[in-house]
Amino acid sequence: MERIDKLDKKILSILSKNARIPFKDVAAECNVSRAAIHQRVQHLIEANVITGSGFDVNPKSLGYHTCTYVGITLEKGSMYKTVVERLQHIPEVVECHFTTGPYTMLLKLYARDNEQLMNLLNGQLQEIPGVAATETLISLEQSIKREIPVHIEED
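The working numbering puts the sequence shown at residues 1 to 155.
Keep in mind that the hints were calculated from the coordinates and are not lab data. The reader is advised that the hints may include incorrect statements.
Claimed, not checked - With a cut-off of at most 27 Å between alpha-carbon atoms, the simulated DSSO-like pairs for lysine-lysine come out as follows:
1) K76 - K24
2) K10 - K145
3) K17 - K60
4) K17 - K76
5) K6 - K17
6) K9 - K24
7) K108 - K145
8) K9 - K145
9) K60 - K6
10) K24 - K10
11) K108 - K81
12) K81 - K60
13) K60 - K9
14) K17 - K145
15) K145 - K6
Claimed, not checked - Have a look at the derived ranges for each label pair, beta carbon to beta carbon:
16) P59 - P102: 24 to 32 Å
17) I4 - T99: 21 to 29 Å
18) E115 - V49: 36 to 44 Å
19) K6 - E135: 43 to 51 Å
No residue lacks a Cβ here, since even glycine has one placed at the ideal position from N, Cα and C.
Could you build the full structure based on these sequences and the hints that come with them?
Set out below in structure tokens:
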């Protein structure tokens, strides 16, 4: 990947705080043309520096009141890819990480209530071949959610 310069970092810093800000406002804040911002953002997307944009939907507004993290221990770590393929078919699983530490995998999922959570755990996750054990942690409150900060070097 090519080096990200100071202007790129300033653009990233602005967009990470408000992805819906018009390019003309970003251009004004950076003292460059709107076309320059458009080109820079397109380049950052093509370089996989910016990996997405969109809206965050509040799960509670859709009836998902329980946010849960599930640590999964696999019989063998090499089963990870096949387990992930099965997890792709469970829409309530919103994140999956291959981890070090006590679990092979860490999932984030949403459930409407405890009954659905129990079904997800007992009826789906624990039925996947290779899953040896699960440990469930229910999130009581999300206190921080943000993007990694973009530090801009001073001249």
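Results of checking the hints against the structure:
1. K76 - K24: violated (52 Å)
2. K10 - K145: Since the Cα atoms of K10 and K145 sit roughly 21 Å apart, the hinted pair holds (cutoff 27 Å).
3. K17 - K60: holds (23 Å)
4. K17 - K76: violated (41 Å)
5. K6 - K17: Cα-Cα ~17 Å, so holds.
6. K9 - K24: holds (17 Å)
7. K108 - K145: holds (14 Å)
8. K9 - K145: holds (20 Å)
9. K60 - K6: violated (39 Å)
10. K24 - K10: holds (14 Å)
11. K108 - K81: holds (17 Å)
12. K81 - K60: With Cα atoms ~30 Å apart, K81 and K60 exceed 27 Å; violated.
13. K60 - K9: violated (34 Å)
14. K17 - K145: Measuring from Cα to Cα gives roughly 12 Å; hence the hint holds.
15. K145 - K6: Holds, at about 25 Å.
16. P59 - P102: 24 to 32 Å: holds (26 Å)
17. I4 - T99: 21 to 29 Å: With Cβ atoms ~28 Å apart, the hint holds.
18. E115 - V49: 36 to 44 Å: The hinted range 36 to 44 Å holds for E115 and V49, with Cβ atoms some 42 Å apart.
19. K6 - E135: 43 to 51 Å: holds (44 Å)
In this structure, the hints that do not hold are numbers 1, 4, 9, 12, 13, in rising order.
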